[in-house]
Amino acid sequence: MSRLKPREEYEKTRAFRFFRWLSGSKDPYLGEVEMKPQEEWKEEESVHLDHIHDHQALRSRIYDTEHNKKILFFYKLYKLAAVLFCVGLAALLLYTVSYLPKTGAADRPANNEVPARYIEKGLQETGAVNIVTGMILDYRAFDTFGESNVLFVATVTVLILLHAKKNGKGEEEQENDRIFEPKNDAILQAGATILVPVIMLFGVYIVLNGHLSPGGGFSGGAVIGAGLILYLNAFGFKKTEKLFTEKVYKWVSFSALTTYCLAKSYSFFTGANHLESHIPLGTPGHILSSGLILLLNICVGMVVACTMYTFYVMFRKGDF
Amino acid sequence: MTVFQLMLMTFLIVCAVSASFSKNLLNSVLIYMSFSLVMSILWVCLESPDLAITEAAVGAGVTSLLFFATLKKIRGIVIEREVEKQEREKEKEKSDE
Amino acid sequence: MGANLLVNYGEAVAMLLFVIGFTNLLLQKNLIKKIIGLNIMDSAVYLFLAEKGYIEGRTVPIVVNGVQDVEAYINPIPSGLVLTGIVVSVSVTALMLSLTIRLYRRYHTLDLDEISTRLKKEGL
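Line by line, the protein sequences give chains A, B and C. First residue of the first sequence? That's 1199 in the working numbering, and the numbers climb one at a time after it. First residue of the second sequence? That's 351 in the working numbering, and the numbers climb one at a time after it. First residue of the third sequence? That's 5 in the working numbering, and the numbers climb one at a time after it.
I should point out that these hints are in silico values taken from the structure, not numbers from a laboratory. Hints may be right or wrong, so weigh each one.
No more than 27 Å apart at the CA atoms, straight line, and that leaves these computed lysine-lysine pairs for DSSO-like [what the hints assert, rightly or not]:
hint, chain 1, residue 1, chain 2, residue 2
1, A, K1363, A, K1448
2, A, K1267, C, K33
3, A, K1515, C, K125
4, A, K1319, A, K1437
5, C, K125, C, K38
6, B, K435, A, K1515
7, B, K423, C, K33
8, A, K1234, A, K1203
9, A, K1363, A, K1462
10, C, K38, A, K1277
11, A, K1436, B, K423
12, B, K373, A, K1277
13, A, K1448, A, K1462
14, C, K124, A, K1274
15, A, K1363, A, K1440
16, A, K1274, C, K56
17, B, K444, B, K423
18, B, K422, A, K1363
If you anchor each label on the Cβ, the simulated ranges turn out as follows [stated by the list, open to error]:
hint, chain 1, residue 1, chain 2, residue 2, range
19, B, R438, A, F1340, 23 to 31 Å
20, C, G127, B, N377, 33 to 41 Å
21, A, V1402, B, S384, 52 to 60 Å
Everything numeric in this text was worked out from a predicted model, so none of it was measured. Yeah, the Cβ is synthetic: ideal placement off N, Cα and C, and Gly gets one too.
Based on the sequences and whatever the hints tell you, model everything.
Laid out in structure tokens, this is it:
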């Protein structure tokens, strides 16, 4: 065991001084050099304000668009360069188009074995009479899922940007937004009483018949959304809020997206392993055929309709 | 059909150019709406009815409606400031009297 | 210069519309006209894609009377791609218009040059 030195003897050794210098715990100038008493540096308010004032004056002189010659020259140069660039782009694109294969020719490279497979085996493998719907909801179902998510994300972003606060500027703007609008217009209400049920029925027909005739989730959803917008315009906000509130929107879009996701995840297991997914395909031509396509069309249609309606309501009034 | 398609496409180009050169914003949006509608007819000529229904409902319907709603919000804000100015002038006149 | 410029009139018109929309986007000062220019560019691209799928003499890809010959229907793939694109284009337009409304509330102008000048003067 080593003998420990007492404290006063240790403080006289070189090792103690070395380690104290290394750790920096003692100020080397204090007590060794003559210094004035230290005060904290305070900046005067007026000096600070002068600094800010100078910065602002400098910036407004630099970016003064009317008198600064360099900025005016840049604007003119920008316009000239933009026109030249666009003319050059047009010439280049037309030059490329002239070398493409003829429109409507049957032997172009885009008509290879992939569309041949979709057309020849489409009816047997998907059960849908409409080949395009069968393709986007069965062969390429993940693209449609991604696109429904894009719609959902866009709606959420518009909700964040345009949501009006209750006791802010929003209320005054809402009232002044409708100063010049005729309320309870008789012609519009009479027309809407006849048209809105027909439009909704037509939209539902398009969605349900997606696999048998042209249409599908996107078209039908857009038509249903347009019908809801007409109802809102004719009858005011209070009546429509009984039908469609924020809770309805949340539940509808969430359940539609989750159903789509869960319904199509079987193909993770059956696709690459070449297994049979035992979903009944039914007789083509009947409405209850083609496996899961009817369910997926309904999900996509609901998401699209809610999206269109939400965009419009957010733009008119900031709230649901 | 070729002549019909050529006429429709010429109309498309004319619509696009005049939508960029008009001074009134409302006129621009209306011309864009008709551009969208003629595109919808072109989709039928190109044998894709799904696209025609979707473009008619979405392009000539919802997009143009959103443009109108935006223009109304912007002008609504302008109208609100003018209404405030008128009210202030009336108050000044009353206090002057 | 290849020989197909006048035969591919649909694609040439689509390219012209694309350049018109792009010029709008670059040179217009008003924000709403820029958004209209972007929409015109979108529509031009969809027209080009759908022209790629068209084959002369064949019909709509809906199976009628059990005829499942490749020779009887047009190419269905570009149609599916454009369908997704049209709906995404409306979401992008709605997003840009809501950003325009917020910008207008803050700066009370729709002129992009003025907004950027004011931003630089504020030092942002």
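Evaluation of the provided hints:
1. For the suggested pair K1363 of chain A and K1448 of chain A, the alpha carbons sit about 20 Å apart, so the restraint of at most 27 Å is met.
2. For the suggested pair K1267 of chain A and K33 of chain C, the alpha carbons sit about 20 Å apart, so the restraint of at most 27 Å is met.
3. A hinted pair counts as satisfied when its Cα atoms are at most 27 Å apart, and K1515 of chain A with K125 of chain C does not qualify at roughly 33 Å.
4. Using a Cα cut-off of 27 Å, the hinted pair K1319 of chain A and K1437 of chain A is violated, with the two alpha carbons roughly 49 Å apart.
5. Between K125 of chain C and K38 of chain C the CA atoms are separated by roughly 24 Å; this keeps the pair inside 27 Å, and the hint holds.
6. Proximity of K435 of chain B to K1515 of chain A is assessed by CA-CA distance (about 24 Å); at most 27 Å being required, the pair is judged to hold.
7. Proposed proximity of K423 of chain B and K33 of chain C is supported: the alpha carbons are some 20 Å apart, at most 27 Å.
8. For the hint linking K1234 of chain A to K1203 of chain A, the alpha-carbon distance of about 38 Å lies beyond 27 Å, and the restraint is violated.
9. Our distance criterion of 27 Å between C-alpha atoms is broken by K1363 of chain A and K1462 of chain A, whose separation comes to about 40 Å.
10. Among the hinted pairs, K38 of chain C with K1277 of chain A is consistent with the structure: their alpha-carbon atoms are about 15 Å apart, no more than 27 Å.
11. About 20 Å separates the Cα atoms of K1436 of chain A and K423 of chain B, which keeps this hinted pair within 27 Å; it holds.
12. At roughly 19 Å between alpha-carbon atoms, K373 of chain B and K1277 of chain A fall within 27 Å of each other, so this suggested pair holds.
13. Taken as a hint, the K1448 of chain A and K1462 of chain A pair is honoured in the structure, with Cα atoms around 22 Å apart against an allowance of 27 Å.
14. For the hint pairing K124 of chain C with K1274 of chain A, the CA-to-CA distance comes to about 20 Å; that is within 27 Å, so the pair holds.
15. Only pairs whose Cα atoms come within 27 Å are accepted, and K1363 of chain A paired with K1440 of chain A is accepted, the gap being roughly 21 Å.
16. Restraint check for K1274 of chain A and K56 of chain C: the C-alpha separation of about 39 Å exceeds 27 Å, so the hint is violated.
17. Taking the CA atoms of K444 of chain B and K423 of chain B, the gap is near 32 Å; set against the 27 Å cutoff, the hint is violated.
18. This hinted pair checks out: K422 of chain B and K1363 of chain A have alpha carbons roughly 20 Å apart, not beyond 27 Å.
19. At about 59 Å, the beta-carbon gap between R438 of chain B and F1340 of chain A misses the expected band of 23 to 31 Å.
20. Against the hinted window of 33 to 41 Å, the Cβ-Cβ separation of G127 of chain C and N377 of chain B comes to about 38 Å, which satisfies the hint.
21. Evaluation of the 52 to 60 Å hint for V1402 of chain A and S384 of chain B yields a failure: the beta carbon distance comes to about 29 Å.
Hints 3, 4, 8, 9, 16, 17, 19 and 21 from the list above are not met by this structure, while the remaining hints are.
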